[in-house]
Amino acid sequence: MSILVLGTVALDTVKTPHGLRRDILGGSAAHFSMAARLFTDVHLVAVVGEDFPIAHIEFLRKKGVELTSLIREKGPSFKWSGKYEGDLNSAITLSTELGVLASFKPRVGDHQRGIANIFLANIDPDIQRHLLNHMHKPKLVGLDSMNYWINTKRKALLRVLKMVNIYLVNDAEARQLSGEHSLIKAAKAIRKMGPEIVVLKKGEHGVLLYCDKFIFSLPAFPVMKVVDPTGAGDTFAGGFMGYLSRAGNTKESELRKAIAYGVAAASYNVEDFGLNRTSKLKYNDLVIRLKSLRKVINF
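The opening position of the sequence shown corresponds to residue 0 in numbering that gives the first Met the number 0, with each subsequent residue numbered one higher.
What the hints contain is simulated information worked out from the structure, not anything from laboratory work. Incorrect hints may appear among the rest.
[Stated by the list, open to error] No farther apart than 16 angstroms at their CA atoms in a straight line, the calculated lysine to aspartate or glutamate pairs in the EDC-like style are these:
#: 1; residue 1: K104; residue 2: D125
#: 2; residue 1: K14; residue 2: E84
#: 3; residue 1: K152; residue 2: D123
#: 4; residue 1: K184; residue 2: D170
#: 5; residue 1: K62; residue 2: D40
#: 6; residue 1: K82; residue 2: D123
#: 7; residue 1: K82; residue 2: E253
#: 8; residue 1: K224; residue 2: D86
#: 9; residue 1: K14; residue 2: D86
#: 10; residue 1: K61; residue 2: E84
#: 11; residue 1: K78; residue 2: E49
#: 12; residue 1: K212; residue 2: E253
#: 13; residue 1: K14; residue 2: D271
Make the full structure from the sequences, and use the hints.
Below, the structure is given as structure tokens:
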């Protein structure tokens, strides 16, 4: 089963205590794809500017990502610059340049409209809804968002939430959207907004999955050296949604495994800058890390 991901492909400039990297390949869709490709074929929908390096595009193609719907437009590419300090839990955004992303209208090929599994990575909710309206009855739709859209496009986000099966959101954003401080109450409130499954990302404290039938929580893998957390949430989503796409269902047993694979993928992401670590991964690397995680938490 293939999966189609809509999101950003960006040029990131990142500074952490471990160094500085300028204009490296990043973006929500790129990070997602590096994990999801280990489970299924990935079709990427995004836009880049005329300044975007051909080498980055070839890199994605060589990793097996289908780029039919990666559009190149006149104008500058989407760029993000940020830094991490202290415990590296939160990024400090230094600058955001939307470039061609400001006027982006996703276009997908006719052969892609019937793809059953879709992930709407972090991007304007109006763009997310535009894409969904051009797909043919998808079976499984996951959605990510961020505090900016909750603040500035709440109504648009709420409209999209009614159209999806799974909502992935970090703990602070869940509290912001729901108005509830308790994460369980926040998840229940968000569940009433539409999605059957709510996945709360808690950074170094792991993940909580909430649905009507059960609640499941898993800690993050204890990484010895965190180099760059950028894209960890998107990488988690890639492992999670990639596994579900291959499984073909959302039974409790499969959801639990999907969470574990997402946690494993994200743990590799933070070990190096950008896509350096995840682009080298093989499926067996995730299996090895899951075995280590089982030893840590004894499950």
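To see whether the hints hold, each was checked on the structure:
1. With a C-alpha separation of about 9 angstroms, the suggested pair K104 and D125 falls inside the 16 angstroms cut-off, and the hint holds.
2. Of the pairs offered as hints, the one joining K14 and E84 holds, with about 9 angstroms between alpha carbons and a cut-off of 16 angstroms not exceeded.
3. Annotation: proposed proximity of K152 to D123 holds, straight-line Cα distance about 8 angstroms (limit 16 angstroms).
4. Restraint check: the Cα-Cα separation between K184 and D170 comes to about 12 angstroms, which is no more than 16 angstroms; the hinted pair holds.
5. Restraint check for K62 and D40: satisfied, since their Cα atoms lie roughly 10 angstroms apart, inside the 16 angstroms limit.
6. Of the pairs offered as hints, the one joining K82 and D123 is violated, with about 23 angstroms between alpha carbons and a cut-off of 16 angstroms exceeded.
7. Distance hint between K82 and E253 is unfulfilled; the C-alpha atoms sit about 36 angstroms from each other, more than 16 angstroms.
8. For a cut-off of 16 angstroms, the pair hint linking K224 to D86 stands: about 11 angstroms separates their Cα positions.
9. Pair hint K14 plus D86 holds up; C-alpha atoms about 14 angstroms apart against a cutoff of 16 angstroms.
10. Annotation: proposed proximity of K61 to E84 is violated, straight-line Cα distance about 34 angstroms (limit 16 angstroms).
11. A distance of roughly 13 angstroms separates the Cα atoms of K78 and E49; the hinted pair therefore holds under the 16 angstroms criterion.
12. Taken as a hint, the K212 and E253 pair is honoured in the structure, with Cα atoms around 14 angstroms apart against an allowance of 16 angstroms.
13. Under the criterion of a C-alpha separation no larger than 16 angstroms, the hint pairing K14 with D271 is consistent with the structure, at around 12 angstroms.
Against the hints set out earlier in the document, violations occur for numbers 6, 7 and 10.
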